[in-house]
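Engineer: Please build the complete structure, drawing on both the sequences and the hints.
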Amino acid sequence: MLAPMAGVTDRPFRQMCSRLGAGLVVSEMLSSNPQVWKSAKSQQRMNHDGESGIRSVQIAGADPDLMAEAAQFNVKNGAQIVDINMGCPAKKVNKKLAGSALLQYPKLVEEIIQAVVNAVDVPVTLKIRTGWDPDNKNGVDIAEIAQRNGIQSLAVHGRTRACMYKGQAEYDTIKAIKQAVDIPVVANGDIDSAAKAKAVLDYTGADAVMVGRGAQGNPWIFREIHHYLQTGTFLAAPAMEEVKQVMLEHIQNVHQFYGCHLGPRIARKHVSWYLAEQDSDRSFCRHFNGLEQAEAQIDALQQYFEEIAA
Numbered sequence: 001m002l003a004p005m006a007g008v009t010d011r012p013f014r015q016m017c018s019r020l021g022a023g024l025v026v027s028e029m030l031s032s033n034p035q036v037w038k039s040a041k042s043q044q045r046m047n048h049d050g051e052s053g054i055r056s057v058q059i060a061g062a063d064p065d066l067m068a069e070a071a072q073f074n075v076k077n078g079a080q081i082v083d084i085n086m087g088c089p090a091k092k093v094n095k096k097l098a099g100s101a102l103l104q105y106p107k108l109v110e111e112i113i114q115a116v117v118n119a120v121d122v123p124v125t126l127k128i129r130t131g132w133d134p135d136n137k138n139g140v141d142i143a144e145i146a147q148r149n150g151i152q153s154l155a156v157h158g159r160t161r162a163c164m165y166k167g168q169a170e171y172d173t174i175k176a177i178k179q180a181v182d183i184p185v186v187a188n189g190d191i192d193s194a195a196k197a198k199a200v201l202d203y204t205g206a207d208a209v210m211v212g213r214g215a216q217g218n219p220w221i222f223r224e225i226h227h228y229l230q231t232g233t234f235l236a237a238p239a240m241e242e243v244k245q246v247m248l249e250h251i252q253n254v255h256q257f258y259g260c261h262l263g264p265r266i267a268r269k270h271v272s273w274y275l276a277e278q279d280s281d282r283s284f285c286r287h288f289n290g291l292e293q294a295e296a297q298i299d300a301l302q303q304y305f306e307e308i309a310a
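Under UniProt numbering, read the sequence shown as residues 1 to 310, first letter to last.
Treat the hints as calculated values from the structure; they're not laboratory data.
Just to be clear, a hint being listed does not mean it is correct.
With a Cα cut of at most 20 angstroms, we get these calculated PhoX-like pairs of lysine-lysine [what the hints assert, rightly or not]:
hint: 1; residue 1: 92; residue 2: 166
hint: 2; residue 1: 198; residue 2: 175
hint: 3; residue 1: 76; residue 2: 107
hint: 4; residue 1: 175; residue 2: 196
hint: 5; residue 1: 175; residue 2: 137
hint: 6; residue 1: 137; residue 2: 166
hint: 7; residue 1: 91; residue 2: 166
hint: 8; residue 1: 269; residue 2: 244
hint: 9; residue 1: 95; residue 2: 107
hint: 10; residue 1: 166; residue 2: 196
Structural biologist: Put into C-alpha cells, the structure is as follows:
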C-alpha cells in the first residue's frame, strides 16, 4: 500500500520525492511519437539521474505499433515498468486521441494494450479515469479488458475526462473496479493527506493509493502516508529547518537541470506550492516571481527563512 506517484515530467521534483519516499514508484509521461524523443524536453524527461526506487515510464499515444515501439525504446533506456496513459485529460493530449480520450474506444484500448504487453518483457501497467463523462463511466469494462490482456496493475483516477480536475473525486467507481478484477488496483484523485489515503483505501478496497497534485510543495506526504498506514499514528510535520533545506536543494537542482534561463521560471511554481500556507498573502511569492537570476532567487529564499527564524 506504499503510495506511488502519478506521472510527472520534472526530474528534480521526481528526484526529491523519490529521496523522501523510500521505495516510491515515480513515473514520467512520454509521447509514443519517435520524432520527439530526441527533443530537449523528452531528453529531460528521460533523465533518471539521482532517482532511487522503481523506474516506471508512462507512454501516451493512440497508435498500437508506435506505443509498442515506445515501450521497447524506454525499456532499453532503463524502464523497469511501462505504464500506459489513458487517464490524462489535457486537450493537447486528447486531440491526438491519446490519454483519456481512448476510453471512448474500447476496441482500440484493447489493441494498444495487446501491442505493448507483447512488445516488452517488463510489467505493463495502465492508468485510466472512470470514463469519458459522467454519463459514460465505463471504467469497469476497461478494467476487465486490461486484466484480460495482461495488464499487471491498474491505476484509476476518480473523475471522468470531462470532469478534468473539477469538483471532488468519486471513489464508487474505483470500488466497483476493484470488485470486478483480480489485478492490483491503485486509487488516485484528491489524496492529499495520510488520513485521506487511509480512508480511500478502506472505502475502495484498493491495493494502493497514487499521489499526484498532493505532492506539489509537500514531498513529505509519502513518508507521512507510509508511517500512518504502518503504525496508525500521524507523523509530525517537518521542522522549518528541514523545509528550508529541502526547498533550497530542490530549487538549486531546478536551476542546475534546466539552466539559467528556464530554471528560474520553473522554480517559481515550486516555491509557490511549498509556501502556499506560510506565505498566505503571496507577498513573498510575488517578489520571488520577479527575480530572473538563480542566485537572486536562492538569496531571497535564504533571507525569507532567516526572517521567519528571527
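Engineer: Among all the numbered hints in the text so far, which are the ones the structure does not match?
Structural biologist: 3
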